[in-house]
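Assemble the complex: chain A is given as a structure, and chain B must be docked to it using the hints.
As a plain string of letters, each chain reads:
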Amino acid sequence: MESRVKAIIARVLNVDPAQITDELSSGDIPEWDSVGNLAIISTIEQELDLEFPLEDLFDLTSVRSLVDEVNKLTND
Amino acid sequence: MINAPHSRVLCDMIKHAVDTPDKVALVEGTECVTYSQLLARIQAAAIYLQSLGLHAGDHILLAAQKELEFVYLYFAAHSIGVVNVVVDEASPRDRLDYIASVVHPVVTFGNNLVVDGYRSVSFSDIVLNGNGCELLRTTDMQPTDVADVMFTTGTTGAPKGVCLSHANIAGSASNTNGFIGTCADDVEALALPLSHSFGLGRLRCVLTAGATLVLVGNFANLKSFFAVMETEGVTGFGMVPAVWQYIKRLSGKRIAKFANQLRYIEIGSAAMPIEDKQLLMELFPTTRLCMHYGLTEASRAMFTEFHTDAGVLNSIGRPASSLVQVCVLDEDGTPVDDGVDGEICVRGNMVCRSYFLPQDNVGAFHGGDWFRTGDWGHRASNGLFYLTGRKKELINVGGEKVSPSAIEDALLTLDCIADCACVAVPDPRGVLGEVPKAYLVKSGESAPDFAEIKARLTCLLPPHEIPVLWEWTDSIPRTASGKIQRLKLKS
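Protein chains in written order, with the working numbering: chain A, 1 to 76; chain B, 1001 to 1491.
What the hints contain is simulated information worked out from the structure, not anything from laboratory work.
This list has only true hints and no planted wrong ones.
Here are some, though not all, of the chain B residues that point toward chain A, as calculated from beta-carbon distances under 7 Å:
(1) ALA1090
(2) PHE1219
(3) ALA1220
(4) ASN1221
(5) LYS1223
(6) TYR1246
(7) LEU1250
(8) SER1251
Restricting the straight-line Cα-Cα distance to at most 16 Å, the calculated cross-link-like pairs of lysine to aspartate or glutamate (EDC-like) are:
(9) B:LYS1066 <-> B:ASP1088
(10) B:LYS1223 <-> A:ASP28
(11) B:LYS1248 <-> B:GLU1282
(12) B:LYS1454 <-> B:GLU1408
(13) B:LYS1066 <-> A:ASP28
(14) B:LYS1401 <-> B:ASP1088
(15) B:LYS1223 <-> A:ASP59
(16) B:LYS1248 <-> B:ASP1276
(17) B:LYS1253 <-> A:ASP56
(18) A:LYS6 <-> A:GLU47
(19) B:LYS1223 <-> A:GLU55
(20) B:LYS1253 <-> A:ASP59
(21) B:LYS1442 <-> B:ASP1474
(22) B:LYS1248 <-> A:GLU55
(23) B:LYS1490 <-> B:GLU1393
(24) B:LYS1248 <-> A:ASP56
(25) B:LYS1401 <-> B:ASP1375
(26) B:LYS1253 <-> B:GLU1275
(27) B:LYS1490 <-> B:ASP1427
(28) A:LYS6 <-> A:ASP16
(29) A:LYS72 <-> A:GLU51
(30) B:LYS1253 <-> A:GLU55
(31) B:LYS1488 <-> B:GLU1471
(32) B:LYS1223 <-> A:ASP56
(33) B:LYS1488 <-> B:ASP1474
(34) B:LYS1248 <-> A:ASP59
(35) B:LYS1257 <-> B:GLU1282
(36) B:LYS1066 <-> B:GLU1031
(37) A:LYS6 <-> A:ASP22
(38) A:LYS6 <-> A:GLU31
Keep in mind it's a predicted model, so treat the numbers as computed, not measured.
We put the CB at the ideal spot given by N, CA and C, even for glycine.
Bound-form chain B, shown alone:
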């Protein structure tokens, strides 16, 4: 059996394999995996990784597919100290190339994850039979060692690698389960992408709790999702606010038929309109409706539960546990009084220690360990926190963070555009929360229409980064130093 004292998540899973070996841990399609089978396969995957020559401290690129092989490899890497760099296989080629050039993975794993210059292995080629080999023991691993590097959208366009330790991911799972109340009796449907902190966190929360996780492709086919809820007896799931808009739009109130079986719904990654929170409360009167505030760097820093906090639904909540501290600091890092806006800063067991590249750490923390979220807000006298704005200029498209400068860089490669700026605007369809709007300055007398510009962007940007609204303008407002004044465009 695996021995991984550095990883509390794995220790919890090992305990479940011993205490409840026949309990189903994972369901994918028609295949069920018990906790004892799960740990055996993780061990076989660890032997397999070692057979490829991987050692503690090496990095692997792991495509976040909703497949059992992903789960085995992910935890196998943790068990032997190999660092996971979890990526979305469908990411633009230049993003994957950039990530590989930063972390230098020894191997990439996926269904179709090939990065030039790096060895790649397809999930379908992985043989997890242990090959008659013993797991080689590595003894010098610590909870503070890096377990995962998650790449997030940087404000300047280049993704930033967030280094999360074994202690960080265990802390986040324990804080989250403590607040939501996920327990061994639960069956959760996971339709969120595993390439994001939210979805990957749900995987760890469920397996840490000894519950059952049903892997579901995504929310696109609601009929299939509802069928899974029914046949598997699902008691909880996670969603972003854009998914709730989607569920409402396509299925009306059909989902309320599951109100009696759903014990919890976790919501996060973007703001949710108060009327949606109220509708959820009406449809799910006894379900814990838990909304987190957090970032990849500080996963699930705060929580609010709609029924408990019915009178303060505009709040982002309170620290997730007694091991999390939140404060509001001014530009110099000095605490401000309750009610006064400043930057929301977080420290605690789940907060990353650093970014992968030293230059990304400049200005990331106040006073050593207070992570600066880039969000503006205040703490009220009731101890709850409220968001009032965002310092970082990212656009939150249905939970996907988009850098306006990445869109601008793509636009400026088109010869018809002399200058441009992108800002966040409310989604006119009322689904995604925010979408990008592009302001363009022509480079000549005539210019193509927006449809043509949009078509030319499709090979440069992923679909969610392509502006939804467009406007020609004579000039882009800039500061004396040349920085775009986005607020002037928004007003």
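Isolated chain A (complex conformation):
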């Protein structure tokens, strides 16, 4: 699942997948701006058929947090 999430982020932001490290956070690179962040969230929701709880969205600021959240939601 981790590789799928990272691949989605790289594709949505149109950046080299090597840039998508665990620590990378929204705002760190020009491509990951607010519009890019929304696109990441909606694409993950759509392609992985899940819905991020509203109360969690505020804390989903890094690649790691997105991966962990997806793992949590798909394991529930």
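Relative to the frame of chain A, chain B by itself:
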């Protein structure tokens, strides 16, 4: 100390450096710069620019990075009459090439701003120690001299250079501060891009007022933005309506915890739904919620304040100050009566005198100095102005103006498309206000799917210009002269 009587913005900053030398002017990360340090570094940057052989009237391309070097160079250029052409380093290569080919910059400055054929200097290579040199005095500069050239989206696709004088940018800052009430006690977080009139204007407003500006990357990481609000004691910030959608979506009403410390929020660059204005009023009952109407050519022409104008939230407001006039004219430039729609035209201390290229000035003004906004609307009997439509065909994507013809030109380079047209449609995600929709006519029997067309456009257009909605059609409606009839596609 710098002496710049031609620039009232710089004169105000010099006054703050004298009156409150230890007051913090800028914060970037862990670095704080006081007003006296700021002026010393601007002077050192001016000496540096002169050491590169720059003279009054020369142009430089300056990448709008949220870095202290940008601020030093920007005002240093003003102090010696060098003209700033502020650009977004991430702009498509052909846009930067075009801008350079128009203004012929002597040097380009940025982190990675390299334009073929022009000397480039990286921010990291700039040494601001004065180098033991004195600032060479230049005495013939006037407030009417061009300070900045800002490139905006033209309706035909080619960007237009808006020439803003020192008096224009000072006028805009003074009108804006006068309306909003930004003062020396304020601490503002700047997360807007500096490559746009809105963000760059906030920089000038805050430093003119003698307040403190905290440079923040952008709004993407709201957790970081809220942390800055808390640690720096932020009292004001600017945002576009799309950012408010983003804040709402990702943080719910968390931002209301700052209601007591926020004295003002400036909003602008695109229309905001009335329900969003009402929600802001509910969450920020004592904050001045100021929304401007303006263009790069006439920055902050009008203002409305939501609490004051609670009963007329659909209005775009009133002139920003007594030095700004707004009228509604018909096609011939004749004033129309209150309540009658026409073109909204503006004149005043912040309105540009001209565009950089003579051909862009054709039809830009009525009667010499009434700038034609291209927006349709009327003035009501209460003196407030209301927008009813747009004459110019630009698509406003979350505050970014997009020319439909620029998208169409890119689409027509694809061999599978025989004809096309793009129009503005409401963002189906409800975030960006408007987004582009493309109507396509196939060039053969079979055609690729929209995902493939979209993928092929990614190397031709910046992300916000790529259509969100797509539709095949048999033909594009055109007038007898071949002009696309976009209204027919919208209806």
